[in-house]
Each structure stands twice: as structure tokens, then as C-alpha cells.
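Chain Y is fixed; fit chain C onto it per the hints.
Residue numbers (the numbering used here), protein chains in the order written: chain Y, 1 to 194; chain C, 1 to 194.
Derived from the structure by calculation, the hints contain no laboratory data. Worth double-checking, as some hints may not be accurate.
Restraint-style ranges between C-beta atoms, simulated for each label pair [unchecked claim]:
id	chain 1	residue 1	chain 2	residue 2	range
1	Y	I115	C	S34	18 to 26 Å
2	C	P111	Y	L184	50 to 58 Å
3	Y	I115	C	R75	31 to 39 Å
Taking lysine to aspartate or glutamate pairs in the EDC-like style, the calculated list, with each CA pair at most 20 Å apart, reads [claimed, not checked]:
id	chain 1	residue 1	chain 2	residue 2
4	Y	K32	C	E47
5	Y	K32	C	E85
6	C	K32	Y	E84
7	C	K39	Y	D37
8	Y	K39	Y	E50
9	C	K39	C	E50
10	Y	K32	C	D130
11	Y	K157	Y	E134
12	Y	K51	Y	E85
13	C	K157	C	E134
14	C	K49	C	D63
15	C	K51	C	E85
16	C	K157	C	D130
17	Y	K51	C	D37
18	Y	K32	C	E84
19	C	K32	Y	E85
20	C	K157	C	D133
21	Y	K157	Y	D175
22	C	K39	Y	E50
23	C	K32	Y	E50
24	Y	K39	C	D63
25	C	K32	C	D3
26	Y	K51	C	D35
A few chain C residues facing chain Y, derived, Cβ under 8 Å [to be verified]:
id	residue
27	P4
28	G17
29	T24
30	R25
31	H28
32	D35
33	L46
34	K49
35	F87
Yeah, the Cβ is synthetic: ideal placement off N, Cα and C, and Gly gets one too.
Protein chains: 2
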Amino acid sequence: MSDPLSRLVGELSRLPGIGPKTATRLAHHLLKVSDADAKVLAASILEVKEKLFHCSRCNGITDIDPCAICMDEQRDATRICVVEEPFNIQPIERTREYHGRYHVLMGALSPQRGIGPEQLRISGLLERLDGIDEVILATNPDVEGEATALYLARLLKPRNIEVTRLAFGMPVGGDIEYTDEVTLARSLTGRRAI
Amino acid sequence: MSDPLSRLVGELSRLPGIGPKTATRLAHHLLKVSDADAKVLAASILEVKEKLFHCSRCNGITDIDPCAICMDEQRDATRICVVEEPFNIQPIERTREYHGRYHVLMGALSPQRGIGPEQLRISGLLERLDGIDEVILATNPDVEGEATALYLARLLKPRNIEVTRLAFGMPVGGDIEYTDEVTLARSLTGRRAI
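Only chain Y is shown next, with the shape it has when bound in the complex:
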């Protein structure tokens, strides 16, 4: 790790999903690009650290507080979509199907990893319930996301709020033959009249 190239390979290898071979390939690519391009990349890395932080209301990533979504008066203020991580917001925004606000839990319940309700941003959610008609639980479709959704549903339902969960089912463009039985069972349970 004594020379600049090894140091860069080492730092790149620390990124998730980047092994030593990919890190080496990326480092050699960076050696080849113009100084200007390398500077822009380095500056972009520093810029996100300097300028971005979590919205004090929804915990989403933002450079203003409260964030643009929380401040947007055009959005439906009666709905909150609860997600695990800040980067779960963009995929939902891209659907253009949802126009309410968000709340980021900053994780999911996980007894194995020692993450209980007190580690999640749940109290902030409870403080935001005035005037809310519906809370959509958009945690991940895995064991932890399901546990988190059930926990929140139990917490929210007594407050006279409609609590919904994203639908489980076959992916569009999928194939019944290749859909696992758990998903297919959920797909059947969730069947709708057409």
C-alpha cells in the first residue's frame, strides 16, 4: 500500500461490490482519463459529503431543510409513504403513481442484527400523523421489512389511520413457471377483480 496506485486500488476495494480486480480496472481507467475528469469525480465525492444531509422531517437525503418533497405544497399532505432507506424514495418517485410525502425509517427491525424499534426513526413518524389519512408501508418484501411493516401497522391502526402495504405478486414480464411458490401464493391471495 506504499504507492499511490495501490492506495487508490485499496480505497476503491472498500466500496460495496467492488473486488480487487474491479478496483484495479477502475484505478487504471482513472489513470487514463483526463485530469479534469478525475478532478470532477473527486469533487463530486466531496460535494455529497459537504452539502447533503438528512431532512429533519422525513430523513430523506437533501441539501435544504426541510427537503424539497416535504416543502412541496403541490403534494398530497394526507399521505405518508414509509420506506427503510433514503434511496428507496427515488424508485417510488419514478413510478409517478405516488404524490404524497415520505418517511425514512433508516433501517428495518432485525432481532439478529440487534435493531429494535428504538433504533429506527419511528417517533418522528408518530409526530407527523396530524392530518394524515393513509400511511403506506413500503418496507422491503423480506423478513425484516415485513416485521417492520407489521410492527408499524399495530402502532398506527389504533390511531384511526388507514394503513396499507405495497402489493406482493408476480413481477411484470415475469413467468408463472419461474415464480417462486411464496410469491405465487401472495400473488393469489392478493388477486383482484378485473
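Frame of chain Y; chain C shown alone:
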């Protein structure tokens, strides 16, 4: 591309093999790591651009000129191993089988991509032939690397230098059944007495 996060995702997407999804994942990871870790990565990128350049003798990547390999008097000064790219040197060094010097062509002949002999660092190689007994052609085992090796062999052989080529054959740990016929044919042609 207006906000810092999109800018970082955009810059990361320009790296080879990094698509928009991986770039987004990496950007969110960088948002999560400590400021210090992000700064070290950014500094490492800038450092390779500032401190590293091509050795004036062998074209390898170095922070001193001539590079450590060219300057190492312990190495066999009668052999030059010719490679296409600077990053081909390290894999050969790791074998610990070769103790001579290197010459990086900075590419390979490719009529399709308009790369002729004049685009490669061949003249520098010819200037280094005094006292050289063997030139090992370690260009890639593909069409371009082969064409480059043949071109160099024709150029070097009249100069009374032994010109050799890396062996083609089955990868160690491979399986005859899964070896393609071209490789297997080369493996047969190159068979050796044991």
C-alpha cells in the same frame, strides 16, 4: 443533474463497468461512510493523477523516472517482456517467474480501430535492443494481440534476438471437456515432453 447526488451518480456511471444502478448504490454508500473515508478516496483519485506518469523508458506506470523496474540492477537486463498495457505488468510480476524488464506498447494493432504500428510505442522498444538476448511477446491471446506479436516477431528476428511468445493452452484447473477447440488445438500444438 442539478443536485450533488445526481452529479456523483453521473460521474460514477462514467467509469467502465459501472451502470446507473451500481453508481447509485456506490453514491449512497459514499453518503453513509465517514467524511474522512470519503476524503481519503477523493484524495487517492487526485493523487494518482498528480504523482503517476509513464516511465520514459518502458511506458509503465511510475512515480519516478525511470521506473523502479527499469532502474533495478538486480533484474535480468538481457530480457524484455513486451505487454500491451501498463496493468499487464503486475500479473506477470505476481508469477515470480520473470526477472527481466518490460516494454509497454500502449495498445495493440487493430486495423478496425485504426491502430497501426505508428500508434504503438514500438520505436522505443527498438532503441532498447542493445544487449538484449530475448524479447518475450506477452500481448493478449486475442486477434489483436496475436497480430501485434507477429508484427513484432518479423521486426525483431532479423536482429538476431530470440523472440518468444507466451504459451497457449488449457488454464490450470480447467477441464478438457470445457476447453474450447481453438485453445485445445493450441494446447496440443504446444505440447511438451514430461
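Status of the hints after comparison with the structure:
| no. | hint | result |
| --- | --- | --- |
| 1 | Y:I115 to C:S34: 18 to 26 Å | 20 Å, holds |
| 2 | C:P111 to Y:L184: 50 to 58 Å | 54 Å, holds |
| 3 | Y:I115 to C:R75: 31 to 39 Å | 55 Å, violated |
| 4 | Y:K32 to C:E47 | 13 Å, holds |
| 5 | Y:K32 to C:E85 | 11 Å, holds |
| 6 | C:K32 to Y:E84 | 14 Å, holds |
| 7 | C:K39 to Y:D37 | 17 Å, holds |
| 8 | Y:K39 to Y:E50 | 16 Å, holds |
| 9 | C:K39 to C:E50 | 16 Å, holds |
| 10 | Y:K32 to C:D130 | 31 Å, violated |
| 11 | Y:K157 to Y:E134 | 10 Å, holds |
| 12 | Y:K51 to Y:E85 | 19 Å, holds |
| 13 | C:K157 to C:E134 | 10 Å, holds |
| 14 | C:K49 to C:D63 | 10 Å, holds |
| 15 | C:K51 to C:E85 | 19 Å, holds |
| 16 | C:K157 to C:D130 | 14 Å, holds |
| 17 | Y:K51 to C:D37 | 16 Å, holds |
| 18 | Y:K32 to C:E84 | 14 Å, holds |
| 19 | C:K32 to Y:E85 | 11 Å, holds |
| 20 | C:K157 to C:D133 | 11 Å, holds |
| 21 | Y:K157 to Y:D175 | 36 Å, violated |
| 22 | C:K39 to Y:E50 | 10 Å, holds |
| 23 | C:K32 to Y:E50 | 12 Å, holds |
| 24 | Y:K39 to C:D63 | 19 Å, holds |
| 25 | C:K32 to C:D3 | 17 Å, holds |
| 26 | Y:K51 to C:D35 | 12 Å, holds |
| 27 | P4 | 4 Å, holds |
| 28 | G17 | 7 Å, holds |
| 29 | T24 | 7 Å, holds |
| 30 | R25 | 7 Å, holds |
| 31 | H28 | 5 Å, holds |
| 32 | D35 | 5 Å, holds |
| 33 | L46 | 5 Å, holds |
| 34 | K49 | 5 Å, holds |
| 35 | F87 | 5 Å, holds |
Going through the hint list in order, the structure does not satisfy hints 3, 10, 21.
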